[in-house]
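Asker: Line by line, the protein sequences give chains A and B.
Taken in order, the first sequence gives residues 650 to 886; the numbers are from this note's numbering.
Taken in order, the second sequence gives residues 48 to 441; the numbers are from this note's numbering.
Accuracy of the hints is not assured; some may be wrong.
To give an idea of the interface, some chain B residues facing chain A are shown, with a C-beta separation under 7 Å as derived from the structure [unchecked claim]:
no. : residue
1   : VAL85
2   : ASN139
3   : ASP191
4   : GLY207
5   : SER237
6   : ALA435
If you're looking for bench data, these hints aren't it; they were derived computationally from the structure.
C-beta: ideal position from N, C-alpha, C; glycine also.
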Amino acid sequence: MTQTWSITYEIFRKKGSQAAHYDRFEMKVDPDEYVLDGIERIWAFHDRSLVFSHACHHSTCGACGMVVNGVEKLTCITPIRSVTKDGGVIRVEPMRNFPVISDLSVDMTVFYQRMESVGHQPVVSIAHEDSKGKFDPDDDLLRLSDCIECGLCISACPIALTTPAYLGPAVLAGAQQSGDLNLCVLELVDSENGAWRCHSAYECTEVCPSHVDPAWRIMDLRKKLVSRRIKKFFGVK
Amino acid sequence: MDKPQAIVIGAGFTGVAVAYDLAQRGIKVTVLERGPLVNGTSGRTHGLLHSGARYAVDDQESAIECIDENLVLRKIIPQVIEPNGGLFIALNESDMAYREAFIQGCADCHISIEELNPRQALTLEPNLNPKLITAFKVPDGTFDPLRLAMGFAASANTHGAEFHLFCEVQDFILDGMGNVKGVKYLDRSSNQINDINSDIVINAAGVWAGEVAALAGNIDLPIKPTPGVMVAYDQRLCQRVINRLNEPGDGDIIVPQRKMITVGTTSFEADNLDYIPVFDDQVQLMFDRGCELIPAIKHTKERGAFMASRPLLDSGTKGRSLTRTFKCFDHKESDNVDGLVTITGGKATTMRLMAEKTADLVCQKLGMHVPCQTAEIPILSYRKFHIAQTREVA
Numbered sequence: 650m651t652q653t654w655s656i657t658y659e660i661f662r663k664k665g666s667q668a669a670h671y672d673r674f675e676m677k678v679d680p681d682e683y684v685l686d687g688i689e690r691i692w693a694f695h696d697r698s699l700v701f702s703h704a705c706h707h708s709t710c711g712a713c714g715m716v717v718n719g720v721e722k723l724t725c726i727t728p729i730r731s732v733t734k735d736g737g738v739i740r741v742e743p744m745r746n747f748p749v750i751s752d753l754s755v756d757m758t759v760f761y762q763r764m765e766s767v768g769h770q771p772v773v774s775i776a777h778e779d780s781k782g783k784f785d786p787d788d789d790l791l792r793l794s795d796c797i798e799c800g801l802c803i804s805a806c807p808i809a810l811t812t813p814a815y816l817g818p819a820v821l822a823g824a825q826q827s828g829d830l831n832l833c834v835l836e837l838v839d840s841e842n843g844a845w846r847c848h849s850a851y852e853c854t855e856v857c858p859s860h861v862d863p864a865w866r867i868m869d870l871r872k873k874l875v876s877r878r879i880k881k882f883f884g885v886k
Numbered sequence: 048m049d050k051p052q053a054i055v056i057g058a059g060f061t062g063v064a065v066a067y068d069l070a071q072r073g074i075k076v077t078v079l080e081r082g083p084l085v086n087g088t089s090g091r092t093h094g095l096l097h098s099g100a101r102y103a104v105d106d107q108e109s110a111i112e113c114i115d116e117n118l119v120l121r122k123i124i125p126q127v128i129e130p131n132g133g134l135f136i137a138l139n140e141s142d143m144a145y146r147e148a149f150i151q152g153c154a155d156c157h158i159s160i161e162e163l164n165p166r167q168a169l170t171l172e173p174n175l176n177p178k179l180i181t182a183f184k185v186p187d188g189t190f191d192p193l194r195l196a197m198g199f200a201a202s203a204n205t206h207g208a209e210f211h212l213f214c215e216v217q218d219f220i221l222d223g224m225g226n227v228k229g230v231k232y233l234d235r236s237s238n239q240i241n242d243i244n245s246d247i248v249i250n251a252a253g254v255w256a257g258e259v260a261a262l263a264g265n266i267d268l269p270i271k272p273t274p275g276v277m278v279a280y281d282q283r284l285c286q287r288v289i290n291r292l293n294e295p296g297d298g299d300i301i302v303p304q305r306k307m308i309t310v311g312t313t314s315f316e317a318d319n320l321d322y323i324p325v326f327d328d329q330v331q332l333m334f335d336r337g338c339e340l341i342p343a344i345k346h347t348k349e350r351g352a353f354m355a356s357r358p359l360l361d362s363g364t365k366g367r368s369l370t371r372t373f374k375c376f377d378h379k380e381s382d383n384v385d386g387l388v389t390i391t392g393g394k395a396t397t398m399r400l401m402a403e404k405t406a407d408l409v410c411q412k413l414g415m416h417v418p419c420q421t422a423e424i425p426i427l428s429y430r431k432f433h434i435a436q437t438r439e440v441a
C-alpha cells in the first residue's frame with residue numbers, strides 16, 4: 650500500500666538581480682508521487698513566491714522540464730522513487746542553456762522561434778513513424794507529433810553549453826522531421842551553428858522523454874545535407 | 048484618442064481567449080497570471096475537443112455550444128488538434144437503454160453521428176472491448192492544452208496584448224464609490240508589488256474566480272469547483288476518442304494524444320483548490336473502468352496521474368448534473384461594483400465563444416461598437432507567443 654518517505658527538496662532560487670541560492674524543504678511524500686507534485690505542494694503550502702513552470706501534468710505539453718539531481722527530467726512523469734530514497738535529497742534546478750526567468754522557470758522564446766524557423770510539424774499523420782521517417786500519405790488520421798518542445802535535450806547538450814548560437818538538438822531534429830529543407834532552413838542547419846556543430850554526445854537522446862531520438866535525427870540530417878552537396882557537385886537536381 | 052485599457056486576470060483558456068478577442072477589437076490588454084500559462088484547470092485537461100455528444104441528453108445548451116465551437120476551433124487552430132473523431136460504445140444492457148435518448152439528443156443538438164456494428168467498430172479500433180454491442184461515430188477530437196492556449200496568446204500578442212506571468216493579483220484599486228479602477232499585484236519573479244490602472248478588469252480566474260471577485264467587496268459567485276482525476280498510459284491504444292455510451296460517469300472516456308492515452312475522470316467536491324491530491328482509489332477506478340473500454344490497458348504502463356478542478360456553475364444541483372455552460376457577470380448589475388466583469392464556467396471547447404460574449408459585454412460597457420471576428424481568423428503559430436518583457440540572463 651501507500652508508503653511515506655521523508656525527503657528534502659533543495660530548490661534553486663533566484664529573484665531579479667539577487668544572488669542565486671538553494672532553499673531546503675523537508676517533505677513527507679509518497680514515493681510513487683511525481684517530482685512535480687512535491688514542487689507544487691511546496692508552492693501551495695510553504696512558499697508562495699516559488700516560480701516554476703508546468704501545465705498538463707501528463708507529459709504532453711513539455712512545460713515542466715527541470716534538472717533533478719543533476720539530470721534533465723520531465724518532472725510531471727518522474728516518480729520520486731526513481732530519483733532519491735527515503736531520507737534522501739531531491740535537488741531541483743532550472744534547465745541549463747536557457748535564460749532563467751526566476752527560480753525554476755526559463756524563457757523558451759528563442760527556442761520556440763527556432764523551432765518555428767525550421768518548420769517542425771506539430772501535427773503528423775498517424776502512420777508517420779517519427780524516428781524512422783516512414784510516412785503514409787494516404788492515411789487521413791492525424792496525431793500530435795512526438796517532440797513536446799520541452800527543451801530537456803538542449804539543457805543536456807554539452808555543445809549548447811558552449812554557445813547560445815548553437816541551434817541545439819530539438820531544433821535540428823525539428824528540421825529533419827519537417828523534411829522541407831528549403832533555402833531558409835538550409836542556411837540555418839547547414840552551418841557552423843547547425844548540424845555540423847554537434848559532437849554526437851547523444852545526451853539529447855538519453856534525456857528525451859518523448860520518443861524523439863534527436864541524436865539519430867541530427868545524424869540523419871547530416872546524411873541528407875551531404876547527399877545534397879554531392880548531388881549539387883555532380884549537377885544532379 | 049488613447050486605446051481603452053483592460054486587465055485580464057488569469058491566463059487559462061478563458062483568459063487567453065478574452066485577451067485575444069479584446070485586443071483584436073482594439074483594446075489595450077494586460078494579462079496578469081499568478082503562474083505560467085494554463086497552470087491550473089486548463090492545462091490539466093485530458094484534451095478532449097468535445098463533439099457535445101456527452102451532454103446531448105442532459106445538458107443540451109452546453110452540447111450545442113460544444114459542437115458549434117468544435118467546428119470553429121478545427122478551422123482556426125488545426126495546428127494543435129488531432130481531428131480524428133470519437134466513438135461512443137455500448138457494452139451492456141444499461142448502455143443500450145441509453146441508446147434511444149442518445150440518438151434523439153444528438154439529433155436535437157445537430158451533432159452528426161453514425162451507428163456502427165461491432166465488426167465495423169473493431170475494424171476502426173481493434174483494441175476496443177470485443178464484447179461491444181453497438182457504437183456511434185461522433186466528431187470528437189483531441190487538443191494539446193498548452194499549445195491551444197499559446198496559440199490564442201500569440202494572436203493576442205500581435206494585437207499588442209501583454210502577458211505578465213507569475214504575477215498574482217493581491218487587491219483591487221477602488222475609487223471612492225467602490226468601483227474597480229485597477230489592480231495591485233505581486234510579481235513573483237522579482238518579489239515586487241506593482242499597481243496598474245485600467246478602464247475595466249476581467250476576472251477569468253476559473254475555479255479561483257470567486258476568491259478574486261471577493262477582493263472587490265461582498266461578491267458571491269455561484270461557482271462549484273468540481274475536481275476529477277485523470278490517468279495517462281504509455282501506449283496509444285486507440286486513434287479516436289472512446290466514450291462509454293451511458294449517462295456521464297466516472298471513467299467514461301479514453302482520449303488519445305501523441306503516443307499515449309488518458310482515461311478520465313471522476314467528479315467530487317474539494318476544499319483547497321491550490322493543491323488537490325491524486326487519490327489512489329480514484330486512479331484504480333480509472334484503470335478498472337478504462338479496461339472495460341480497452342482491455343489492453345491491463346498490460347500498459349501508467350505514465351502519469353493528475354487532478355484538475357472544473358469551474359462549474361452552481362444551479363442548485365450536484366456534481367455530474369451541474370451545467371457545463373458558462374456565464375458572464377457584470378458586477379455593476381449584480382453587486383453595484385462597476386469596472387469588473389467575471390467570466391466563468393464553460394469548457395475548453397467553448398473558450399472562443401466565452402471570450403466573444405465577454406468581449407461583447409466589455410465593448411458595450413466601454414461604448415465601443417466593434418464586431419467579433421475571432422471565429423473567422425486563423426490563430427497564429429503557438430511558437431509566436433512571448434512573455435511581456437525580455438528578462439536578464441541569469
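Asker: Could you run down the list of hints and mark each one as holding or not?
Answerer: Against the structure, the hints come out as follows:
{"no.": "1", "hint": "VAL85", "in the structure": "holds, 5 Å"}
{"no.": "2", "hint": "ASN139", "in the structure": "violated, 29 Å"}
{"no.": "3", "hint": "ASP191", "in the structure": "holds, 6 Å"}
{"no.": "4", "hint": "GLY207", "in the structure": "violated, 17 Å"}
{"no.": "5", "hint": "SER237", "in the structure": "holds, 4 Å"}
{"no.": "6", "hint": "ALA435", "in the structure": "violated, 11 Å"}
Checked against the numbered hints given earlier, the structure breaks hints 2, 4 and 6 and satisfies all the rest.
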